[in-house]
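Number of protein chains: 4
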Amino acid sequence: MAKTESKKKVVLAYSGGLDTSIIIPWLKETYDVEVIAFAADLGQNDFPNAKALEEKALKTGASKCYVLDLKKEFLEEYVWPTVRAGAKYEGTYLLGTSFARPLIAKYQVKIAEKEGAYAVAHGATGKGNDQVRFELTYAALNPKLEVIAPWKDPRWTFHSREDAIDYAAAHKIPLNGISKKKIYSEDGNLWHLSHEGGVLEFPEQEHKYEFLKHTNTYEKAPNKADHVTISFEKGNPVAINGKKMGAVELLEFLNEIGGKNACGLLDIVENRLVGLKSRGVYETPGGTLLYKAHECLQQLVLDKETLFEAQKMSMTYANLVYNGQWFTPLRQAMDAFFNEVNKVVTGEVTLKLYKGNIIPAGIKSPYSLYDMGLGGFTDVDMYDQKDATGFIRCYGLPLKTRALLLGKKTNVDFGGVPSLKK
Amino acid sequence: MAKTESKKKVVLAYSGGLDTSIIIPWLKETYDVEVIAFAADLGQNDFPNAKALEEKALKTGASKCYVLDLKKEFLEEYVWPTVRAGAKYEGTYLLGTSFARPLIAKYQVKIAEKEGAYAVAHGATGKGNDQVRFELTYAALNPKLEVIAPWKDPRWTFHSREDAIDYAAAHKIPLNGISKKKIYSEDGNLWHLSHEGGVLEFPEQEHKYEFLKHTNTYEKAPNKADHVTISFEKGNPVAINGKKMGAVELLEFLNEIGGKNACGLLDIVENRLVGLKSRGVYETPGGTLLYKAHECLQQLVLDKETLFEAQKMSMTYANLVYNGQWFTPLRQAMDAFFNEVNKVVTGEVTLKLYKGNIIPAGIKSPYSLYDMGLGGFTDVDMYDQKDATGFIRCYGLPLKTRALLLGKKTNVDFGGVPSLKK
Amino acid sequence: MAKTESKKKVVLAYSGGLDTSIIIPWLKETYDVEVIAFAADLGQNDFPNAKALEEKALKTGASKCYVLDLKKEFLEEYVWPTVRAGAKYEGTYLLGTSFARPLIAKYQVKIAEKEGAYAVAHGATGKGNDQVRFELTYAALNPKLEVIAPWKDPRWTFHSREDAIDYAAAHKIPLNGISKKKIYSEDGNLWHLSHEGGVLEFPEQEHKYEFLKHTNTYEKAPNKADHVTISFEKGNPVAINGKKMGAVELLEFLNEIGGKNACGLLDIVENRLVGLKSRGVYETPGGTLLYKAHECLQQLVLDKETLFEAQKMSMTYANLVYNGQWFTPLRQAMDAFFNEVNKVVTGEVTLKLYKGNIIPAGIKSPYSLYDMGLGGFTDVDMYDQKDATGFIRCYGLPLKTRALLLGKKTNVDFGGVPSLKK
Amino acid sequence: MAKTESKKKVVLAYSGGLDTSIIIPWLKETYDVEVIAFAADLGQNDFPNAKALEEKALKTGASKCYVLDLKKEFLEEYVWPTVRAGAKYEGTYLLGTSFARPLIAKYQVKIAEKEGAYAVAHGATGKGNDQVRFELTYAALNPKLEVIAPWKDPRWTFHSREDAIDYAAAHKIPLNGISKKKIYSEDGNLWHLSHEGGVLEFPEQEHKYEFLKHTNTYEKAPNKADHVTISFEKGNPVAINGKKMGAVELLEFLNEIGGKNACGLLDIVENRLVGLKSRGVYETPGGTLLYKAHECLQQLVLDKETLFEAQKMSMTYANLVYNGQWFTPLRQAMDAFFNEVNKVVTGEVTLKLYKGNIIPAGIKSPYSLYDMGLGGFTDVDMYDQKDATGFIRCYGLPLKTRALLLGKKTNVDFGGVPSLKK
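Top to bottom, those sequences are chains A, B, C and D. Using the UniProt record's numbering, read the first sequence as starting at 1 and increasing by one per residue. Using the UniProt record's numbering, read the second sequence as starting at 1 and increasing by one per residue. Using the UniProt record's numbering, read the third sequence as starting at 1 and increasing by one per residue. Using the UniProt record's numbering, read the fourth sequence as starting at 1 and increasing by one per residue.
Here chain A stands alone, though its shape is the one from the complex:
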């Protein structure tokens, strides 16, 4: 490996795919730099062998290649907190791409600091959210690093897949498996797989979802239901069907059983942070089971007011994660809130999975606030139905006074009721 000692270094978020491959020679030609590739294994479906990936990067012109398995950290430090927060962007999207970016960017920064690089580079375009997530993380963690974003660079001239492939061929970049045609773009990790663009760009059309990779279509799911029991401790999933599992094993298990039963398919139009609306199809089989189970458990253990405020804050949390604001004081403060709320989210939830349906089939918790009939407390004077009379009289007093003071009357015209008799 020829290492150009005297050149400035750039650390590139590298995947081994076409786009980030051609960035390596382009960076060297355009910026006259040494390029250090960094690939994060977050459980992408097709993540290659680390050794093979390193070799490819070096052949492509990188001076070094870091390949890090970040799956455990990804789940425990990024995904689980978001599950604990119950955060779904715009009420639906489970944020699979959103929280992967800050983690990758964090390690880019760390490698840049270790290697003495002056810049970091990424392959996200100027139209989407990912650029924001990368660059905000760089700004928060090391504001002195320069940022190179080839897609937004005036000297970047590849505007079609064909251009890129020609350039790759000219630079002897291994092209195994990369075809000139790609119907839509994908982004995947252990948590999810997203599909965007191409034929999906027409919300007025129905889709057949024949492109799904982890999830059966509803029609192909088995005719017999599966059951799965997920155990939580303080809001974190810790066991499946009574067996303790690490985060990675646990999610892989849920992905398998969820995908088999066609669970966790999402087809939405969402508001991007930069640019406009986008239409995406998301496969999040295991993640959807986790959210559902966590919600069922919360119903059992949280009081009305805590649940209400937690659900409102979930929306803000989701917004922050989606917008790339992971490394912010507000996210940290909301995590503190949700950690406290989740102290009682311990227990187990059995879900029945059947052709896309996720049906609660047993919820238990030592912190359950559910009590049928208050029957257990024979030694305590808990409640008398007559208490409700006082309650409602107090609760309704402002309304009553308002009606009296303001002389309010029913202002609906009685004559308009169709079948009024007598």
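Take these hints with a grain of salt, some might be off.
Any copy will do: because identical chains look the same in the list, a pair fits if it lies in one copy or spans two.
[As the list claims (entries may be wrong)] Using 20 Å as the maximum straight-line C-alpha spacing, the simulated DMTMM-like pairs for lysine to aspartate or glutamate come out as follows:
| # | residue 1 | residue 2 |
| --- | --- | --- |
| 1 | Lys260 | Glu219 |
| 2 | Lys304 | Glu201 |
| 3 | Lys364 | Glu206 |
| 4 | Lys386 | Asp19 |
| 5 | Lys304 | Asp267 |
| 6 | Lys364 | Glu295 |
| 7 | Lys59 | Glu29 |
| 8 | Lys244 | Glu77 |
| 9 | Lys234 | Asp335 |
| 10 | Lys88 | Glu295 |
| 11 | Lys127 | Asp384 |
| 12 | Lys304 | Glu270 |
| 13 | Lys292 | Asp267 |
| 14 | Lys352 | Glu219 |
| 15 | Lys312 | Glu295 |
| 16 | Lys292 | Glu204 |
| 17 | Lys312 | Asp335 |
| 18 | Lys208 | Glu186 |
| 19 | Lys213 | Glu186 |
No lab work stands behind these hints, which were simulated from the structure alone.
For this one, chain A is given, so just place chains B, C and D on it according to the hints.
Just chains B, C and D now, with coordinates in the frame of chain A:
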């Protein structure tokens, strides 16, 4: 009909069922009053013929019986506004019982005013939410009316179904179809049917849902999907499959097709306003389709910030409806907000219904903000990917400054990463 | 001291005033119990000598009297967290009475447990908020204790001050200093003094505030301003004018200088939890300075989004404290949030105090995010004014697209402008 | 007036000051365009005579000059809605500059459309909020107009006041009254006057406020208080001291009396949308009186829950106005909410003004919900103190059950209490 001219009058919310039937003689015996029955037809599954119901009430001892068909008003004035608000209690429950109560109570008040009654009476117990919804409405609409709630009256002595049936028999109340055994309680109207109590009181158990009345179980739903297209104008559903329909006809259609395909079944533990948690199973086939279609349309026409605030306010709206606070200034103010938001929620949504799954299969709107690639505006300088550079530099500036001013560094220990190479 | 061994015990929240004094013999007569008095020293203006108070309680018929100095705990565990949260009820009231009640009730419970008492009693009426604050705390901390609230007891027959004084005289209760006439009611502690009722019950009238005890009227405040510098660590006040002080000493100092300069007077109409609106005048001289200084410091150290969410949550926090929900999971979760937010609220704030005005006169913090002109970072490419172009183009893109797609035009009639020329 | 028929037209937001004056020749030289000046009279302190301003613009090189008196529209359509919303940015700033910009930009767009101009231009820099407010309005109202912002143009070369003055002199721009030295920047209109920059850029320093123009310093305010009574109809101010006044006359009156009494001075550090924190001193004498009076009236007429939600939404409204998002669907929806809320904000408020203090001195409303003692309703069974018992038992039931189910005990160490006796 013998009418006791000289007695004070009470208007009772009457259903013809066992509980409200025995209240008629009980009120006469206990309060020495004339009882005027009022039954609201909200599309209950088993709502009897108006004439038969009136006869039953008179036989049971009422001096008069009003039977009003309120289905249209129920949908247009109570249900549609709640759909427009996207309000789901605790994120899930579609409020079917909640918004029926204020409507019934409003007509009780109107009849009481017309008849010169001094009091209104209802058959809700002292443990649940319905008493609050009835009594808050009375307070808001006519604070001078007295409220009689037999279940909370110290003189009420029926504490089992058997007691009630014995009393009914002794008072010659027609008991056709009423059995001594009832496994759980139901409440229904055109919008939904709820099941509570009995075997459902054990969240740790799985249920077979063999008690469903409007909705197929997932397993029994057809193997072939149905498609349905719902048109909205300003957030209100107005047509199905291109055919204009009145509210009642429209919802009946959706109930039929939704129920057939096992859509809209909900099994939750919820926090009551009065008392504790309760576990309920809800069938809302047509309503669930409406919510889903409305959400799909909103995704297409609302900008990010409006959608965010609308979704936050939905939660408050749901809370208010659930808590019986329909006739309040806050609900009116929120309606004004949602009416404004819904001015662009016009268009049509096709849903594919398949074994419990409700899948978007085509969304269109003249107010769509979705635009693929900004391609249509060739005469306008819409966007340059380089704009994003400036955007992110501004957007991330506070983070960058913070990092510089506070000297923040990545505080994750790099050594802890498992497979760090080089 | 004669102790009746065989009787059941009640622990009474006792102040030595008329109301709680007559409760002692009344409890003994009505419930045939032993009464244990408990007085909490929270820094009430007129809190008597502990020994004298104990003697009075025993003379009045208590079997024991606990007198606890809770000032430090009150400030550090109840007041400081509320200041850190920036919580003001309905945007104005500094919650002085609200957070005192849970503390008193907590110690009542502890004493009841230690003494083996079966019940706790308080002297709050059935019209106000305090009864809720007492009784919710009992419920949360020891749900098995019975609650005796004489004012809501059907056997309580004192409905005027005269009745009470006659009863006291008949029971030989020392009446030193208690007069038959009292213009309005007061509640005080180290944090505040409230005035309610009597002449204050007419919001349409102007008041002269001649009843103030800690605070000068604006007119009587000195003509020369004072300055005071308050130091905070993580949101907690720790020093005055550079001198470290304990919580009690610190607040006493601020009360003195704030009161002298007519700071912290509040005259509002507020919405009670139980019942209706009330009108109150509050003196909170030192507390108002603390809130103001804390706000000034937050302006310097919190970013836009954290400040926004913190200010929204402040309102919920204030509501909870006001409503007596101190010992709830939601308050704990919000405290976790605010503790995190306050990690950077360290620094010092100088305030100029002049005739009721509290004017910032110097704010410093090691965590300051204020930077004039970004001038300090000569080695970093912080910001170019041209970045703003890209920012606004991205930020405004949804509006622009909306205008293009929906064909929106300025819909204001230009002709209506009065002085349009040319 | 020489009009170059063949050139493209630009409409410039023009003030007559140095900055916008030099933009006229600069635009002509740089873009080879015809410049149409537009000056909006919003009640700026020093707004010149319309004829003189027009002459100056023409002498400076404009082909035309529109001078429009927009004061009435400014107050009624921009300021009053914001007052009704109770919106204060970050809880304090009364948004004086923020809502002026969209109004000016709206008329620029209208003039551009009338004149057939292809572009609009403004003189705001790339560091502040005003550029956003201008440009978002252009985007929302006419997305096809090009935007020229000289300060962000690479060809703009004036980076000091001296440069600008030299350029002005070389182009024979009248410089009457413009000096080379300016200590800080000001922005004013009928609502407020802001001061930023220069000596104010040191939050750690105390300021003497000798630069105030509309407001007396606290020390110089009269020793005798003034009283003023403001009448509102549906949240809008309509009369002073019983005399109906138009919006402009009314605010001028309040500015006079408020300024005289040193009311409405604000000194804060705020978070800008673009860029970082800024420190500003604001004079808003009349506006501050209006907000205070509106708040006092709301306290009297709004119920607890409506007030709570309105106050939360105020914060979002303020954020939107500050961020330049006036012409957005969300602002319109929030206006609908606040219009509904303000339907009862009718009445009159007397304020006592004394050396910076604004003291409520009489509040009246036909919609008042304040009722002392519920005394007026002798014929209605309003409330019994015993109702409160039931209320609290219901209200506290979840806490009680939680304590029983979870076995919660007071977890505070009793031994730690300092003076525990007995």
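Right, here's what the structure says about each hint:
| no. | hint | result |
| --- | --- | --- |
| 1 | Lys260 with Glu219 | both (11 Å within a copy, 17 Å between copies) |
| 2 | Lys304 with Glu201 | between (41 Å within a copy, 19 Å between copies) |
| 3 | Lys364 with Glu206 | between (40 Å within a copy, 12 Å between copies) |
| 4 | Lys386 with Asp19 | between (71 Å within a copy, 18 Å between copies) |
| 5 | Lys304 with Asp267 | between (31 Å within a copy, 17 Å between copies) |
| 6 | Lys364 with Glu295 | within (13 Å within a copy, 32 Å between copies) |
| 7 | Lys59 with Glu29 | within (16 Å within a copy, 54 Å between copies) |
| 8 | Lys244 with Glu77 | within (19 Å within a copy, 39 Å between copies) |
| 9 | Lys234 with Asp335 | both (13 Å within a copy, 18 Å between copies) |
| 10 | Lys88 with Glu295 | both (12 Å within a copy, 14 Å between copies) |
| 11 | Lys127 with Asp384 | between (61 Å within a copy, 9 Å between copies) |
| 12 | Lys304 with Glu270 | between (30 Å within a copy, 8 Å between copies) |
| 13 | Lys292 with Asp267 | both (18 Å within a copy, 12 Å between copies) |
| 14 | Lys352 with Glu219 | both (17 Å within a copy, 12 Å between copies) |
| 15 | Lys312 with Glu295 | both (14 Å within a copy, 18 Å between copies) |
| 16 | Lys292 with Glu204 | between (29 Å within a copy, 15 Å between copies) |
| 17 | Lys312 with Asp335 | both (14 Å within a copy, 17 Å between copies) |
| 18 | Lys208 with Glu186 | within (17 Å within a copy, 39 Å between copies) |
| 19 | Lys213 with Glu186 | within (11 Å within a copy, 43 Å between copies) |
Taken one by one, the earlier hints all hold for this structure without exception.
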